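Novice: Residues per chain, in single letters:
Number of protein chains: 2
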Amino acid sequence: MPADALVAFEPRKTPIQARSTVTVEAISEATIQVLLSHGTERLTTTRVAQRAGVSVGTLYQYYPNKQSLLFAVLENHLSNVIVRLETACENACHKPLAEMIREMVEAFVDAKMDRADISVALYRVAADVGGPALIKQIQHRSRKTVEAMLETASDIKSPPDKLAIDIMLSAMAGAMRSLLEAGPSPATVRKAREQLVLLCQSYMTAAAAKRV
Amino acid sequence: MPADALVAFEPRKTPIQARSTVTVEAISEATIQVLLSHGTERLTTTRVAQRAGVSVGTLYQYYPNKQSLLFAVLENHLSNVIVRLETACENACHKPLAEMIREMVEAFVDAKMDRADISVALYRVAADVGGPALIKQIQHRSRKTVEAMLETASDIKSPPDKLAIDIMLSAMAGAMRSLLEAGPSPATVRKAREQLVLLCQSYMTAAAAKRV
DNA sequence: TCATTTGATGAAGGATTCTTCAGGTTTGGA
DNA sequence: TCCAAACCTGAAGAATCCTTCATCAAATGA
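Line by line, the protein sequences give chains A and B. Just so we're aligned, residue 4 is where the first sequence starts under our numbering, counting upward by one. Just so we're aligned, residue 4 is where the second sequence starts under our numbering, counting upward by one.
These aren't lab readings, by the way, just hints derived from the structure by calculation. Treat the hints with care, since some could be wrong.
Pairs involving identical chains hold if they fit within one copy or between any two copies, as the list cannot separate such chains.
Straight-line Cα separation of at most 30 Å, DSS-like style, residue types lysine-lysine; simulated pairs [as the list claims (entries may be wrong)]:
#1 Lys98 x Lys147
#2 Lys213 x Lys16
#3 Lys194 x Lys165
#4 Lys160 x Lys69
#5 Lys69 x Lys147
#6 Lys69 x Lys194
#7 Lys69 x Lys98
#8 Lys165 x Lys69
#9 Lys98 x Lys16
#10 Lys139 x Lys213
#11 Lys194 x Lys16
#12 Lys165 x Lys147
#13 Lys16 x Lys165
#14 Lys194 x Lys213
#15 Lys160 x Lys16
#16 Lys69 x Lys213
#17 Lys16 x Lys147
#18 Lys147 x Lys160
#19 Lys194 x Lys147
All values reported here derive from a predicted model rather than from experimental measurement.
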């Protein structure tokens, strides 16, 4: 996967005046809404523009094509999530393993729930062109972050290996996806969050024990 | 989601002669191939027919529309996977918890790996119309199956609750998806399979312990 | 053999969608 | 105030795609 495979998605023009900033914001938001109400298949640039209250031409002033629009929204969301995950991991350094995992998992769940609608809408986009490459990047970055955190755990001899961390992260993401797509009640989210912590804690503990 | 929302996807005509059976088979296979080489967005009925070596008209003789074609392929795949999972669960009844989980997880991984290409191709379809409803059905059926198996575990007092099982299953599926999409080597698959067993075993053990 | 059923063909209608561009409006500074 | 830059508009070109149907070919069985 060439690194420059993503350049075709770069924005065409950056907003300068205040009104255009509002416009771009509206277009992003409209994209989410259309994605949720019509699905990827029936998302058209005209529909997005209409929902945003602007004309199609305006949309094309900021995004060179439809895919770049979807890509930008996806990138923005994933960026938000991983930043919060990284912050949590930094704060959890040098603590016991179980605490580390708890803080990381809770940060992830909270970040996803913060804009649950966006999360759900973008699962449909992530499979498209550009999505897989982006996700691969994010996964790698997450792995590195968690790996670095685990190195500093105060109560284990050797941390779990890369594969174990990859599996934990993808398991966590998968469970979260399933949860989000079910449209859960706040009570369910609370319980599921706790279960997710337990899942990751017990696995990491077991994986670390096997590596003594 | 109304139950009859899926009737529009039903096949139009069932093959009677031998040649038409071959044709339908070829169309199914071609769908997978086009999905892998072009993606959902650029999958057209004409392209599928061409790849299958038949004309578009033939395709429409067996599938009322494009979505029904995708739906049929997805349904067939998921059906295969869950049947193997159910068989494994039945065979594992009355055994100790850890063994149960191992057999179930291994059956799942093996079923997915059996036609890894199909699995990967269909992740792109699963988000479309009909997919979510179907997946919900499958998830529920899986949950019931695993739940019944766990009831018979010989070495635990009370089995994990529904939410825990749901989370385990979606975590397992999520990790498997991530693995498949990475195009792993056989060695990686072997290791990951073992890690997945450990993940589910340690979580189920912990969840059962909390319920005493 | 031959009539009937089953299967296959692919050009073309109808509809949708992406994207552009020539021309208009608004903003901010000189 | 006034002009240049920024911004917005939306009709229309170009391309693609889904689906049908009139027509032909193959198979079945009586």
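Novice: It remains to establish, for every hint, whether it holds in the given structure.
Specialist: Hints, verified against the model:
Proximity of Lys98 to Lys147 under the C-alpha cut-off of 30 Å is restricted to the intra-copy arrangement: shortest distance 18 Å within a copy versus 39 Å between copies. Taking the closest pair of Cα atoms, Lys213 and Lys16 never come within 30 Å of each other, the shortest separation being 53 Å inside a single copy and 55 Å across copies. Both within a single protomer and between protomers do Lys194 and Lys165 lie at most 30 Å apart by alpha-carbon distance, with minima of 28 Å and 11 Å respectively. In this homomeric assembly, Lys160 and Lys69 never come within 30 Å of each other (Cα to Cα): the closest approach is 50 Å inside a single copy and 55 Å across copies.
In this assembly of identical chains, the alpha carbons of Lys69 and Lys147 never lie at most 30 Å apart, being 32 Å within a copy and 42 Å across copies at closest. With identical chains, the CA atoms of Lys69 and Lys194 are never at most 30 Å apart, being 38 Å at best within one copy and 40 Å at best between copies. In this assembly of identical chains, Lys69 and Lys98 lie within 30 Å of each other by CA distance neither inside one copy nor across copies; the values are 45 Å within and 54 Å between. Taking the shortest Cα distances, Lys165 and Lys69 never come within 30 Å of each other, neither inside one copy (36 Å) nor across copies (41 Å).
In this homomeric assembly, Lys98 and Lys16 never come within 30 Å of each other (Cα to Cα): the closest approach is 45 Å inside a single copy and 63 Å across copies. Taking CA atoms no more than 30 Å apart as the test, Lys139 paired with Lys213 passes inside one copy only; the shortest distance there is 28 Å, against 35 Å between copies. With identical chains, the CA atoms of Lys194 and Lys16 are never at most 30 Å apart, being 44 Å at best within one copy and 47 Å at best between copies. When the C-alpha separation of Lys165 and Lys147 is checked against a cutoff of 30 Å, the pair qualifies only within one copy, where the shortest distance is 9 Å, while the shortest distance between copies is 33 Å.
In this homomeric assembly, Lys16 and Lys165 never come within 30 Å of each other (Cα to Cα): the closest approach is 40 Å inside a single copy and 50 Å across copies. When the C-alpha separation of Lys194 and Lys213 is checked against a cutoff of 30 Å, the pair qualifies both within a copy, at 29 Å, and between copies, at 13 Å. Taking CA atoms no more than 30 Å apart as the test, Lys160 paired with Lys16 passes in neither setting, with 51 Å inside one copy and 63 Å between copies. Neither within a single protomer nor between protomers do Lys69 and Lys213 lie at most 30 Å apart by alpha-carbon distance, with minima of 48 Å and 49 Å respectively.
Taking identical chains as interchangeable, the C-alpha atoms of Lys16 and Lys147 are never at most 30 Å apart, the minima being 33 Å within one chain and 53 Å between chains. For a Cα distance limit of 30 Å, the shortest separation of Lys147 from Lys160 inside one copy, 19 Å, qualifies, whereas the shortest one across copies, 39 Å, does not. With identical chains, the CA atoms of Lys194 and Lys147 are at most 30 Å apart both within one copy (28 Å) and between copies (20 Å).
The earlier numbered hints that this structure contradicts are 2, 4, 5, 6, 7, 8, 9, 11, 13, 15, 16, 17.
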